[in-house]
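Asker: Same order as they appear, the protein sequences are chains R and S.
Mind the numbering: the first sequence is residues 1 to 300 in my numbering, read in order.
Mind the numbering: the second sequence is residues 1001 to 1311 in my numbering, read in order.
Source of the hints: derived by calculation from the structure; they are not laboratory data.
Treat the hints loosely; a few may be bogus.
Unchecked claim - Partial list, derived from the structure: chain R residues whose beta carbon lies under 8 Å from chain S:
(1) F127
(2) Q145
(3) V146
(4) G200
(5) R203
(6) T206
(7) L253
(8) L279
What the hints assert, rightly or not - Derived list of chain S stretches under chain R, where covered just means 3 residues or more per stretch with a C-beta under 8 Å from a C-beta of chain R:
(9) 1108 to 1122
(10) 1146 to 1155
From a predicted model like this one, the values you see are computed outputs, not experimental measurements.
Glycine residues also receive a C-beta, built at the ideal position from the N, C-alpha and C atoms.
This is what each chain is made of:
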Amino acid sequence: MSFVALERAEAGTPLVAGPEPARRRRRPSAWHLLLIPLAVVMVFPFVWLLVTSFSTLAESRTFPPSLPAGFPLQWIENAVHNYSAAWTQAPFGRWLLNTTIVTSVVVVGNLVFCSLAGYALARLRFFGRTALFLVILATLMVPFQVVMIPVLLICRDLGLVDTLGALIAPNLVTPFGIFLLRQFFKTLPVEIEEAARIDGATRLGTLVKVLLPSMAAPLATVGIMTMLWSWNDFLWPLIAIQSEKSMTLQLGLSTFVGAHETKWPVLMAATVTTQIPMLLIFILAQRWFVQSFASSGVKG
Amino acid sequence: MAPARGDEAPAPARRAGRADRLLSSEHLTGWLFVSPAVLIIGLFGVVPIIWSVVLSFQSSDFVTTPTWIGLANYQALLKDPAFAASVRRTIIYTLIFVPVVTVASLAVAVALNRAVRGMRFYRTAVFAPVVTSTVATAIIFNWLLDPYFGILNAILVKLGIPAQQFFQDPSQALYCIVVMTVWGWLGFAVIIYLAALQGVPQELMEAAAIDGATRWRAFRRVQLPLLGPSTLFLVIWLSINALQLFDEIYVTTRGGPLGSTTVVVYYLYQQAFQLFNAGYATAIAYVLFLGILVLTVVQLVIGRRFVHYRS
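My request is simple: use the sequences and hints to build the entire structure.
Answerer: Take a look at the structure:
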């Protein structure tokens, strides 16, 4: 429902601002007086982050701070120095690879397994279905801090601690994804499936060929939410990973802080590189992100 | 047995056998479909929940065999002044963070719901912190609020206000954490409100205008009540996350200075992974869980009295 509502509403106030209706010499709206300071406050931290990564160490250690000298050539030179320093002083390439592997596997796992479980819980009548659903709902409510120590001990017994497996296995299926997809399957008319079943399709065939293609929106929600959680997760990697070679970007970045506390330009360069992938994906797919947040929120 | 959605037609007697087989195959298919979920959620969700109950009645250092000590962890917790202080800080943080984000995001969402030139830029600006990691947010604010070379102090000095210590001042650090996390969470709350605002039928606002309502009255009497369910959801969700604050504290202050930002989950982290009191830390987690449950129920009950629409 909320997907439809949001989509329809967007036609009125488009999220992707199209050409405005032709109005001659319209005075700028007074709302800009509120929106401009707001935008400045929200964007300035990013701007200052970027500017600092273009400055020299000496420039970052002056008060009051000012824009680095020598735009643009000196800026580029500083940037080359800072970014290459960050990337040579810590294995950011390795951390980027680790994070990409973990996030991809977790997202694919959630899309596949949550679809299967969500479909079964919504449509198939099997022994213990209600009890199973209640158990899944219960685990959804328990805060991570309650289970994290036993999860750590279980991962230790399975030999997963300090490997990417510890970051993947516990998150391969999430109660959130199951719940969201189950609710969505419930809203689909049964008739489509029955037609496919009469044509001799199996349950799996029906799910994959008939239902999932019409579920772009909820699948995107599950995919985007698990991607963000997995990419930006901090507490679990912090306790499950010790060695540098298995770290994720966020964990690696946090260890980099300790070693480079006062070398602000290099630290800022490192921070920029860890945030660029997700920010890029966000800017390219902003519409899907916004819908995902809205629908997970409204339904959650 | 009654088919709920007409999956099976009421079977004539001679087809009962086939129906049975179909039914049993549905049992099998059902369990096959949920088996990956059952395995993962069972192993990393259900077992740990039961295990942690046991663990909270034990003394454990992760390595040696745990010993059963009954309610001793919980009794010690009640008398632990450091825990009480961490609870106090968490409550102060939550009491400021949740209302500030809720009210600010409502105002921002109303502004972002206008048909104004440059709206795409404004929205992207407000939403971007949502995808920024907590670690990066903490690093950025550590730099903006640096006591010696930070730009915020430069602005303050220009305005004739003395330079501040921010994260290094025990009386300010927690409030700086509030500012930083408000910046990080505002976009999420705005998205929730924006979706709700766009769900308000245009006809309602037009009807109010025809009846002679000013824009403010139309907002106050028509739109605001319709935002009730979203507000309730948001307050609950923000509170749950505020009570679990950890990442930003770890990266900026490590609970300092002088313990002034040691909130409950940071205290739990210290107990578990610096002092290796696994049992005690788990008891803290259960008290936190209880706190979250009680707060959520209270919010739902209060919400019921003020929220007259259902989402």
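Asker: What hint numbers does the structure not satisfy?
Answerer: The structure conflicts with hints 4 and 6, although it agrees with all the remaining ones.
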